[in-house]
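Q: Next come the chains, spelled out residue by residue.
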Amino acid sequence: MVAIGRSGVPLLRTQYGKSLRLEDDTATTRVHNGLMIEVESLSKSYGSTIAVDGLTFTVRPGVVTGFLGPNGAGKSTTMRMILGLDRPSAGTATVNGRRLCEHRAPLAQMGALLEAQAVHPKRSARNHLRALAATNGIPDSRVDEVIELVGLEEVADRSSGGFSLGMGQRLGIASALLGDPETIMLDEPVNGLDPEGILWIRGLLKDLASEGRTVLVSSHLMTEMALVAERFVIIGKGRLIADVTSVELEAMASDDSVRVRTADATALRELLGTDGVEIASAVPNVLTVRGLTSDAIGMAASTARIALYELTPHQASLEEIFMELTHDAVQYRAGTHQGIAA
Amino acid sequence: MTTTVHPRPIVASPSPPVPAARSHSDLQVTERRVIRSEWIKLRSVLSLRLGFLAAAFIAVVLAGIFASSGDGGGPKAAIDSLSLSLAGLRITQLIIGVLGVVVVSSEYSTGLIRSTLQSVRSRLSVLRAKSVVFATSTFVVVGIAACAAFFVGKATYGGIQPELGLSDPGVVRVLVGTVLYTVGVGLFGVALGFLLRGAAAAIGVLFATLLIVPALAGLLPWSWATSLTEVLPSNAGDAVMTLSPSSTLLSPTSGAIVVALWVVGLLVLAGVALRSRDA
Numbered sequence: 324m325v326a327i328g329r330s331g332v333p334l335l336r337t338q339y340g341k342s343l344r345l346e347d348d349t350a351t352t353r354v355h356n357g358l359m360i361e362v363e364s365l366s367k368s369y370g371s372t373i374a375v376d377g378l379t380f381t382v383r384p385g386v387v388t389g390f391l392g393p394n395g396a397g398k399s400t401t402m403r404m405i406l407g408l409d410r411p412s413a414g415t416a417t418v419n420g421r422r423l424c425e426h427r428a429p430l431a432q433m434g435a436l437l438e439a440q441a442v443h444p445k446r447s448a449r450n451h452l453r454a455l456a457a458t459n460g461i462p463d464s465r466v467d468e469v470i471e472l473v474g475l476e477e478v479a480d481r482s483s484g485g486f487s488l489g490m491g492q493r494l495g496i497a498s499a500l501l502g503d504p505e506t507i508m509l510d511e512p513v514n515g516l517d518p519e520g521i522l523w524i525r526g527l528l529k530d531l532a533s534e535g536r537t538v539l540v541s542s543h544l545m546t547e548m549a550l551v552a553e554r555f556v557i558i559g560k561g562r563l564i565a566d567v568t569s570v571e572l573e574a575m576a577s578d579d580s581v582r583v584r585t586a587d588a589t590a591l592r593e594l595l596g597t598d599g600v601e602i603a604s605a606v607p608n609v610l611t612v613r614g615l616t617s618d619a620i621g622m623a624a625s626t627a628r629i630a631l632y633e634l635t636p637h638q639a640s641l642e643e644i645f646m647e648l649t650h651d652a653v654q655y656r657a658g659t660h661q662g663i664a665a
Numbered sequence: 010m011t012t013t014v015h016p017r018p019i020v021a022s023p024s025p026p027v028p029a030a031r032s033h034s035d036l037q038v039t040e041r042r043v044i045r046s047e048w049i050k051l052r053s054v055l056s057l058r059l060g061f062l063a064a065a066f067i068a069v070v071l072a073g074i075f076a077s078s079g080d081g082g083g084p085k086a087a088i089d090s091l092s093l094s095l096a097g098l099r100i101t102q103l104i105i106g107v108l109g110v111v112v113v114s115s116e117y118s119t120g121l122i123r124s125t126l127q128s129v130r131s132r133l134s135v136l137r138a139k140s141v142v143f144a145t146s147t148f149v150v151v152g153i154a155a156c157a158a159f160f161v162g163k164a165t166y167g168g169i170q171p172e173l174g175l176s177d178p179g180v181v182r183v184l185v186g187t188v189l190y191t192v193g194v195g196l197f198g199v200a201l202g203f204l205l206r207g208a209a210a211a212i213g214v215l216f217a218t219l220l221i222v223p224a225l226a227g228l229l230p231w232s233w234a235t236s237l238t239e240v241l242p243s244n245a246g247d248a249v250m251t252l253s254p255s256s257t258l259l260s261p262t263s264g265a266i267v268v269a270l271w272v273v274g275l276l277v278l279a280g281v282a283l284r285s286r287d288a
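In the order they appear, the protein sequences are chains S and H.
FYI, our numbering numbers position 140 of the first sequence as 463, with every residue one higher than the one before it.
FYI, our numbering numbers position 132 of the second sequence as 141, with every residue one higher than the one before it.
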């Protein structure tokens with residue numbers, strides 16, 4: 324199978340050759356490197372609006388991957404295309420080697436939570452799960468299992484219309500886990516959850532990943548994602564901005580600075596002020612130095628016998644790095660009241 | 010016009026995949042399982058069960074009321090005893106049509122349709138399963154209701170027209186035809202639900218087609234409008250449900266074929282829409 328890569332060079336995609344597809348059809352054993360979500364040159368436009376624009380990334384098993392981007396970046400649209408709900412304008416999205424609907428039992432490959440409470444309000448949680456499970460031949464015993472897993476035993480036979488947001492979210496996660504899927508994809512799962520629910524979801528996501536599953540979780544909050552995800556796919560305006568590990572993301576900070584409080588700011592400024600070093604001062608006797616490490620500043624001050632009261636390296640948080648990366652892609656930003664740009 | 014510079018995405022080296030092994034050998038989507046799923050959905054909502062019950066109940070109760078106190082004079086004198094007994098099924102048909110819409114539109118309004126579609130292999134299997142489950146349920150419920158209405162009507166009939174029994178010519182055909190036409194109206198509802206997604210729009214179109222359009226079509230001045238009027242679903246249905254159709258109606262057989270064509274046509278349109286549109 325040959326596809327044209329971004330640079331126009333043909334990519335040979337040998338790992339999903341015909342023989343592997345056939346094997347997967349007949350045998351229950353799986354090809355390990357096939358267990359992932361692959362998005363390839365994926366685009367989606369609605370009329371003249373481009374929601375997703377040539378997106379290519381791969382989500383691998385074993386870790387939680389955070390899918391990040393500002394509101395309107397195209398996260399939900401991408402997820403809907405992965406699930407086969409929206410038809411891509413171009414490109415492909417595959418789950419474990421093929422389109423989701425081409426699998427014998429889609430629920431065993433992919434469990435997804437797109438919106439909370441996609442449930443008939445007059446149907447009980449148990450019947451809702453039974454109906455979904457029935458399509459793939461998942462037994463009712465598994466329905467009871469997932470109800471217990473998400474802690475809804477007490478309310479499983481009540482109509483779901485009376486559920487709180489948190490209970491609805493748990494029901495959604497129960498339905499995602501019905502098929503004991505290899506791949507799990509959750510869209511903003513912590514939205515509206517209480518602190519206990521958030522903790523529960525964090526633990527669940529990490530457990531699922533540690534069992535070797537592929538876990539993709541979308542969020543527009545880096546602070547939340549930083550606690551669970553080890554990899555990040557960051558998009559903005561439908562385009563890929565970064566596909567990195569958390570360590571690599573931290574290394575991308577361009578804004579490492581050192582805060583220095585000193586007895587003699589003027590002397591220190593003169594001492595450090597060379598090419599490539601940027602020094603700012605908002606408060607008397609406090610300097611913000613960019614371009615030098617705290618070690619270098621401390622050593623120089625000591626040599627010049629300038630007393631330092633404080634020497635604090637400031638490393639940009641993942642949140643700040645995320646904000647910086649997506650700055651140009653933010654669709655709606657609070658105005659600065661400078662009039663409307665032409 | 011502005012040009013935008015898109016920075017090259019930063020892509021990290023891949024991490025080694027971790028093996029996972031879970032056995033899902035017995036899991037598979039089949040047509041029967043999707044039907045089973047739709048059956049669970051239909052029977053697990055109280056308001057749907059009550060809707061079917063109301064549709065049946067009203068047919069039987071009205072049969073008793075219409076057939077009794079039928080003492081000549083008035084418009085009732087011209088109506089045969091069979092039509093009188095089955096008149097209540099006109100309301101049954103509207104209720105069934107609405108239920109057909111609702112089993113689909115409620116999935117769209119709640120978002121459940123997206124969970125449904127991502128769990129199956131073919132979207133059309135959902136349309137087929139919903140149609141099969143709804144048509145079968147309607148056939149059973151309305152079949153019982155129509156028979157009950159017939160016998161209740163017979164028991165209470167006091168009119169001047171001769172009383173018709175099952176052995177009289179055309180009676181069984183009208184009974185079966187009425188039940189099947191009701192199933193057809195239910196499937197209209199299902200198809201309109203998939204086509205229009207919203208309950209208000211789908212029920213509006215359903216009622217307009219069944220109740221208003223036939224009356225208006227008769228007002229058209231052109232001669233060919235007569236044949237147009239004949240093939241409207243409600244008039245074609247009347248041909249099936251009337252003991253001796255008047256000259257403005259099709260023959261019972263043609264009527265049945267026209268109703269069937271409407272049902273199949275709308276379901277095909279619904280299938281095309283379901284397959285091609287984003288969910």
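If you are wondering where the hints come from, they were derived from the structure by calculation, not from laboratory data.
A hint or two may mislead.
Said to hold, decoys possible - Chain H side only, calculated, beta carbon under 10 Å to chain S, not exhaustive:
(1) Val70
(2) Ser115
(3) Arg137
(4) Asp287
Predicted model, so just to flag it, every value in this text is computed and none were measured.
Where a beta carbon is used, it is the ideal one built from N, C-alpha and C, also for glycine.
Q: Hint by hint, note whether the structure agrees.
A: Hint by hint, here is what the structure shows:
1. Contact between Val70 of chain H and chain S, as hinted, is not supported at the beta carbon level, the nearest pair being about 26 Å apart and thus beyond 10 Å.
2. Evaluation of the Ser115 of chain H hint against chain S yields a held restraint, the C-beta minimum of about 6 Å falling below 10 Å.
3. Among the interface hints, the one on Arg137 of chain H is violated; its C-beta lies about 13 Å from the nearest C-beta in chain S, farther than the 10 Å criterion.
4. Nearest Cβ of chain S to the Cβ of Asp287 of chain H: about 4 Å, under the 10 Å cut. The hint holds.
The structure fails to meet hints 1 and 3 from the earlier list, while all remaining hints are met.
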